[in-house]
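Student: Going down the list, the protein sequences come from chains A, B and C. Throughout the first sequence, residue numbering follows my numbering, covering 1 to 341 in sequence. Throughout the second sequence, residue numbering follows my numbering, covering 1 to 282 in sequence. Throughout the third sequence, residue numbering follows my numbering, covering 1 to 324 in sequence.
Please keep in mind that the hints were generated in silico from the structure rather than gathered at the bench. Backbone N, C-alpha and C define an ideal beta-carbon position, used for all residues, glycine too. Treat the hints loosely; a few may be bogus.
Stated by the list, open to error - Beta-carbon label-pair distances, calculated as ranges:
(1) Ser266(A) to Arg266(C): 45 to 55 Å
(2) Glu151(C) to Leu167(B): 19 to 29 Å
(3) His150(C) to Ile111(A): 30 to 40 Å
(4) Gly72(C) to Ser168(B): 38 to 48 Å
(5) Leu23(C) to Arg150(A): 24 to 34 Å
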Amino acid sequence: MSENKDILLDIRDLSVQFNTDSGVVKAVNHLNMHLERGKSLGFVGETGAGKTTTALSILQLVQTPPGEITGGEILFNGQDVRKMTDAEKRRLRGGDVSMIFQDPMTSLNPIMTVEDQITEMVQLHLNLKGEAARERAIEMLRLVGIRPERAKDFPHQFSGGMRQRVVIAIALACRPQLIIADEPTTALDVTIQAQVLELIKKLQQSEKTSMLLITHDLGIVAETCDTVAIMYAGHLVEYADIKSLYTNPKHPYTQGLFNAVPTLESPLGSRLAVIPGLPPDPTNLPKGCSFSPRCPYAQPICHEKACGMREIEPGHFVDCHFPLTPESGNKFLEHPAKEAE
Amino acid sequence: MKNNSMLKYTLIRLRRNYLALFGLFILILLIICAIFAEQLAPYGYAQQDYMMIRKAPSAVHWFGTDEFGRDILSRIIYGSRISLQVGIIAVSISLVVGGLIGAISGYFGGKLDNILMRLMDIQMAIPTILMAIVISSVLGPGLFNLMVAVGITYIPKFARLTRASVLSIKDQEFIEAARAMGASHKRIICLYILPNCAAPLIVQSTLSVANAILFAATLSFLGLGIQPPYPEWGGMLSSARPYLRNNAYMSIFPGLAIMFTILSLNFLGDGLRDALDPKQKR
Amino acid sequence: MTMSDNLIDIRHLKKYFNVSSGLLHAVDDVSLTIPRGKTLGLVGESGCGKSTLGRVIIGLIKETAGEVFFNGEDATKFSGEKRAEFRRHAQIVFQDPFSSLNPRMSVSQLISEPLIINKSCKSKAELDAKVAELMDLVGLASRLTTSFPHELDGGRRQRIGIARALALNPEFIVLDEPVSALDVCIQAQVLNLLADLRESRGYTYLFISHNLSVVRYVSDEVAVMYLGKVVEKADNSTLFRQPLHPYTQALLSAVPIASVGPKKQRIILEGDVPSPVNPPAGCRFAGRCMYRQEICTQQTPELVEVEPNHFVACHCTGHLVRHA
């Protein structure tokens, strides 16, 4: 992490927990991650890995209580978000950093026209009023492929894909420096997903916005992102640029993920390699490496002591005592695991 | 089909709500009074003492005496038995009848639903006091008839509540799954739909008991339902009216009894509503 | 292929719904066969009617027209005892492991339900034994017998759904998006379970999903649906190697690839999926099709066998070149 790179977002040692009836849920643990200006980062992990919590922490939107940021810094343009005043935070949300949520049906206000929802944003952040605000709204709608005649329609009059485009238009209206997209296409059909991903890519290039894309789909990440971060049980386990990670995954979990998902290219008749067991209980994380109970490569030290992120190759970080090499083979395929009990 | 973990979970959440716990405490106190009235009351409820007419509260009569020399404290304690009986039995009638109507209406829909709900609408259009008076007059005086009258007036409320719950559950996949297995309508309603409607019905029942008690007191106040010498709190209020200026305590204590009972049931009901609401994260 | 080789033979099946804006053609003249012991993958996007088709086949929804032959007999004409028997032979696993289980029933109660309703066991002991057997079959630990759905994760819940469907020992199982709501790693476990069961017990599956990669992994044959009609059907390898219908081609090209390297040229479809209410005349896909001809908006194409066991419903098949 040299100093010459222009780093927009720098998360240092972030820890977030939730105090619930059943215990303390350690949602995010000592997360270190950064995003360069103009680049896009794919944030991959399964449910409960802590991706959405991290995203909400950036915008200081984690519900407190029961949530609590117990440590770390989130530097946006060098300024710690946690130490911002309320006014600065309001400027941050929607102005410098926009968020696109998963479900376009519930993230739009059902009783406002789409035009009004965009003008509300630009009035708040860009201080545009009246006609100027309206023009900006029309321009944004046109940018996402929605005809101006539909500006005065309500969200329920649009289909799922179109609604997500409206959400993107609102997100981009104030020219944010960073867009956080939380599973933006999961709720959409695959052909509509292709349209929306094309759009996001195109806009990202033309507006030079940085993007943090949260998803569980490795295919989407390969198509739209520059770097990838893999999360497991609140920890970052691997971080690299796309090419390195996809050709040489170094963390066993990453390897397991690649093998557990059927693709259109996998040989017919092959069996899916299963990662045995289930993700750990977040109120009771295992000692040592969180992935060690399920890891076929685990050694005794893995159950005792966590490793911490290490830079194995330039730009490729792994949290593992025994990062994989091309010679390691694939233990997931060799030993068909017993199913979960 | 009791759901054990649901009950345990609810109790844990309820424990944190101090108002609800207070309500529960008062309710338990009342239940004890109702059950052990004979042991707890210092005097009989009809025991008259002409030497002690309209005496203010004292060491001998903690709440004073009424116009017949009867101990007010004892009458209040016995009164709890009547009030709770009325509340619980009246609400049971409305819950069972209203619940059944609502469940059938919501589940089968169509013309049956229409007819039943319009009947409920018609009943709701009639002022409840008027309806209770009519039913009481038809059935005649007495405790049981009072309970029936009050119970009948609440039927539409429970019917609508049950119907709304049934409608929201009816389209869930587990109902479809039951049908795919070949479950009969009766089985689906009894094992699948009603147990999942329990929460709003429990809350409504608790609040309705409070209402029923108040309603019964109102009817007694008007001279219907319970006849003297039975110590119904509303009746006690009514007979204390002429003496309001000089012997206010004759009205205050029955009034307080009514107030605390209603309050406690409301607190408990609200607490249950919060505890049973699955959306509450805490 | 003789009749007895096909467990399921669907002929001109239709299901229309009356909605306020008109007639919704959920399933519009579908004819399909499913060979015994094989898996037919049914693929399509939302609104194509695949879920409705699955439910109509097993009788959960009454068809508007058409026939469903099960082992040579028309199941749509069954009633009473025969209907109950058909139900034992044809079961369904639902998509959402959260809403497809009664929250007030324990695991053992949930799995016992089909057995109790159909009076399959003569004693409590027999019932308990069968439930234990089923739980073991799907990989649920015996200690979970008294657990409730909300205490378990999605994967375990879905296993309950599968155990429930297997309780009556059916021949045919409709799997309606059985893994879509699950995390990828749990998904893999459940897919392997389904594959094992099929191998050991010889079930016939109708596997409904919008996820093409998953369908490719599990199916022997694949049918693609669009707006209530089957537009292409072929065996697995043929469909994915040589899709002929423009919609199938677009669908396959839309799937993101999890690898780096030269990117393929993607076919991006214009516009949205039209509404299945009062659909237009002619080919349903014509509005978004890049090969659209005059005839396409006038005449609905029939599903024709263009190669052995490769059916396509398109007027332009002869001229189509597959996009590499």
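Student: Confirm or reject each hint.
Tutor: Hints, verified against the model:
1. Ser266(A) to Arg266(C): 45 to 55 Å: violated, 20 Å
2. Glu151(C) to Leu167(B): 19 to 29 Å: holds, 27 Å
3. His150(C) to Ile111(A): 30 to 40 Å: Holds - the Cβ-Cβ distance for His150(C) and Ile111(A), about 33 Å, lies within 30 to 40 Å.
4. Gly72(C) to Ser168(B): 38 to 48 Å: Check passed, 42 Å falls within 38 to 48 Å.
5. Leu23(C) to Arg150(A): 24 to 34 Å: holds, 27 Å
The earlier numbered hint that this structure contradicts is number 1, and it is the only one.
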